[in-house]
Every structure is written in C-alpha cells, then in structure tokens.
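2 protein chains.
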Amino acid sequence: MADDSEWDWIDALRKRTAAHPSAPIGIGDDAALLRCAGRETLVATDMLMDGVDFVVGETPPELIGRKCLAVNLSDIAAMAGRPRAMFISLALPRRGGRALVEGLYAGLEPLAREFDVALAGGDTNAWDGPLVVNVTVVGEPVAPGPVARSGARPGDVVFVTGPLGGSLPSLRHCTFTPRVREALALLAAAPLHAMIDLSDGLATDLSHIARESGCGIVIEAERVPVHADVPSGDHSDRLRRALTDGEDFELAFCVSANDAARLESDPPAGVALHRIGEVVAGSGLMLRQGADQRPIDRTGWQHRFA
Amino acid sequence: MADDSEWDWIDALRKRTAAHPSAPIGIGDDAALLRCAGRETLVATDMLMDGVDFVVGETPPELIGRKCLAVNLSDIAAMAGRPRAMFISLALPRRGGRALVEGLYAGLEPLAREFDVALAGGDTNAWDGPLVVNVTVVGEPVAPGPVARSGARPGDVVFVTGPLGGSLPSLRHCTFTPRVREALALLAAAPLHAMIDLSDGLATDLSHIARESGCGIVIEAERVPVHADVPSGDHSDRLRRALTDGEDFELAFCVSANDAARLESDPPAGVALHRIGEVVAGSGLMLRQGADQRPIDRTGWQHRFA
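Chains as they are written, first to last, in the working numbering: chain A, 16 to 321; chain B, 16 to 321.
Pulled out of the complex, with its shape left as it was, chain A reads as follows (with noise of 0.2 angstroms):
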C-alpha cells in the first residue's frame, strides 16, 4: 500500500513533532541541523541493512563499510558542511563477524581519513541476525550555509553536478565519491537556494525539494544526463532510470537564474554542472520532451512495510 510507506510515516511524525528550539529545520531534510548553546552542528545519520543496500556475500565487506561512510557524508554534503567525526554501530552475525568487521572498517577508514573524519565512538554487537550498520556523522556548517531542500523559488534553475543511472550493477553506489568538496565550492560561488543529494533517484529527490519549497520543477528530458552504467538501449528506458535507479550520490541543487549563467561560464574548479530543468511556480515534477510536459509521479526507491 503506498500509503503505507516510510515516507508516510516520515509524514505523520513531522505533524505530531514540535518545532523545537535545539533542531530548528525540523526532520526530514538530509541532515539534522542542532542548535545547542549558540552553536550549530549538522549531524546525519543512516542505517544499512544487509539484502537491502548490499548483500553480504556478494558486495565485499570493504565497500560495505566504506558505502555506509560515504552515504552519510554525502548527506552532509547536501547541507554544504564539512563532516568532522563519525560514529560507527554494527550488528555483526556471529558467524565470520570478526572478519567482517576488520574488512568494514578496512573499507571505510581511508574515506575517513581522504575527508579528515575522525572516528568519535559507535557501538559494536554480535548477534544471530544479518548484518546492519548504522552510521552517524557529526559536522559542521558552513557560512553562508547550511543549505536546506526548502530554498527553491520560481524561476530557479536546477543543476546535478554528474550523469545519473545504472548505480547499483556496477557497484558504484559503494565506489562513489561524496560530493563534499564540490558542494563547499559550490557554496563558495553562488547562493544555493535548495541542495539534495541523490540517493532515492532524481525524480523522487527533486520532488521532496519541489514540496518543501511549495514549488514544482520542470525536468528538461534532453538534459538529464545518464551514466555510461546505464547500457545502451531504448531512449526512453534510458532516460527513465536515470530518473528513478537512484543510489548515484550527486548532488542536484538550484540557484537563480543570473547565478547559473555564472557558474556555467565561470564554474568552480572540479565541479561538474549539467543544467537539467527549471523551478516553476505551482507544484509537483514535471517532464518536458519537446513542446510535450506532463507530470510525473516520484515513482524512486521506496521501503514499504505493512
């Protein structure tokens, strides 16, 4: 039952969940921004499960443990902060959990050391069931940021900073590089008025941006980029799972209009820009191909429990 989705209970607990003055942007964006004593930190946090986001057995634990690292940083990234320290808690089975755990950790401490992340605690158990890593990265913000999925406006133009698709077959869903370096260079450039990262599929991820703004977003077909790990094919199969595989860990992001011709002509140094569509008053996500446009559903990865 679709209304019987994560998102619909992300839904209910935001209505019942009081604004309070400790997490002033609430729940629900890609990292909590915690107002404690004056200070601000961004903190992300994300929970794999084993035949879910990777399949033990067949994804090496390496690129286990580095994908649950890097899926958190991405979240900071798509605040515009800068990650600090992590946290790290496991569910190891018992059964080959020792050398699981030294390859999951062999797997993730090189990203943590490439983005200066410091190991800060966790919570490590055995148990009889399949693996499930949950981790939490702490960072900080930084001005003019953080950078919220709330800010787009009419007449915004939306950006993804690389090709999209074909993520989970290749294995780059756990080989990507988080855009953390982009999005601080990004931020350094031109406000940024919404950030997302990637993770559900872009049509799922534009629209969570298209309805904290009150806005809708017109997806240019021709534009969106798709990823050589898409095979060659159909244009329109192509097309759609670059829309809704998910798992690709760019960012997409919206500025002015003014703001996006700036950065095309002049954009910051090792940041990919593909203009994909624009902001448009109303609501909702829309496809244009040609002079055709027509609404589309966020039809992305979804976890379903009844």
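It is worth saying that the hints were derived from the structure and are not from the lab. Treat the hints loosely; a few may be bogus.
Some chain B residues judged to face chain A by a derived CB distance under 8 angstroms, without partners named [said to hold, decoys possible]: (1) TRP24; (2) ALA106; (3) TRP142; (4) VAL147; (5) LEU186; (6) ALA204.
Glycine residues also receive a C-beta, built at the ideal position from the N, C-alpha and C atoms.
Please arrange chain B on chain A, whose structure you already have, making use of the hints.
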C-alpha cells in the same frame, strides 16, 4: 574465545585510532566528546536488537522504544551531560512494521519530553529481518564536566546510585529512569573524578574505570546494594547477581574521601548514595568479604562473535 569478544575488537580499534582534535577523549567512554570550532558536544549511540536487548512479541513495543532512548540518556548522564536531541534509526520487520513503529514512538516520546530531548532526525527502513533500533543522542557537557572514566585516584570512594541485579526478569531494564538529574546534582555537589553507567554489570563496568584510570578498585561485598528484584536465597548468589546481571543503569562514580564524607552527610536532593568500595593503587578489581580480599573477573554481559 575470550579474545574474540567485543572488547578486544574495541581495544584493537583504539590502538589504531590516532587521537584526533575533533574527538579529544577518543573512543570507549560512555559518550563521545566532540570539539568543533571550540565548542564541545557529547554524542552517545547504541544499537539494540530483537532477541538480544528485547524480544519483539514478548516485550511491548512501547517499552522497547523507551529502553532504546533511555540507554542513551544514561550514557549522557554518565558524562554528567544534558541531553538535547535524538536521532532514531529503525530496521523494521515488513510484517507488522507500522504497528511496531507506532508503539516504539509511543514509548520513547514521553521520555523525550520528560528530559526535553528534541527528535532531530533518523532513518526509517523496512526489511525482512528482525527489529533493529539505533538511537543517537546529542548532548551538552555541563561545567566542570564532562566526567570521563579515567580520573579515579587511589583513596577515592566508589558510590552507586541504587540497588543492583534482577533487572531483566522484572523488565526494569526497560522501565528504569536514566540518572540524568542525579548526575547533574552530583556534579554540582562535588568534583566527580570518574563516572560510568552500569549497563554491563557492576564488575565489568568498574573494571573499565579501574583500567582507564590506571588504578585498582576494591568492592566491599557487604556494602553492595542488592535489588529487591533479585529473588531471596543464598547470599553469595544474590551478590553475584548484583555484580554481574547488568542493565541496572544506575551510576557508579568516584570522589575523594573528603568529598565522600561530605556527600554522605549532605546528599543532593533526590540522589540515593551507596558507598560500595574504594580506589587503590595497582590494577584490577577485588572483592573484600570480611578479612578476605580476592581478585574477581569482569564476568558481566559481553557480546561474542567468532
């Protein structure tokens, strides 16, 4: 194998985890102390699993949710901090997941309100495995804290804040009140040299203080307060349960002998004080019964994997 336990892994991890300016006290205390741009933050995180920390179908979901938050508030209390925000990550079994998540939140929300802890984020997932809950709590250190495990000195007196043992069968491991208020009252009343919350059992938890502080600790058998939840019977049996049952979530702390006398003559309002032993030069844990004093193992609960 004893050398394949959770602790050995954490030891190995600590040895290879270089000190980092973002995490000045390193891993392995009750909560992490983060230092970002001059400000300090406490972070506690615990992963709890069906069949290990609770049993879905036996333990009501409300009590499971309450416990998952309470154990983290207890970790913040053990540093004499003030909890401020929480992050709830869930791996929900697909079947019955919606009722389960409602119950979990119905149990944890009143406790969050009692301690003024904001729901700031999390990650809600469904899968085919058993329930896994990871809670992260962010808190503020309170001057002159935070109180680590490492500051006990020979001559210090060891106190606990309540009777111990029998927590699991009575469900007290789910219904306990985290000692946040008690910790802050004690912090205001006396310099606390070391503190820990009693999750793994008094013997295990005091051995952490002894090791981190480079001291020994002598427990006086007849002073250990045995909880009424422990069935009456053989005295040494009841003592063993108070030493090793675990999940009491009382605080154990060390203060100078002078401060100990002062606290006993004028205890902070609402704080139960049980003097149970003393810190000595040397190492390890000893149990004194009359004239007899002998080393004891840390024989509390520990997770094993092979």
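Verification of the hints:
no. : hint   : verdict
1   : TRP24  : 6 angstroms, holds
2   : ALA106 : 5 angstroms, holds
3   : TRP142 : 5 angstroms, holds
4   : VAL147 : 5 angstroms, holds
5   : LEU186 : 21 angstroms, violated
6   : ALA204 : 23 angstroms, violated
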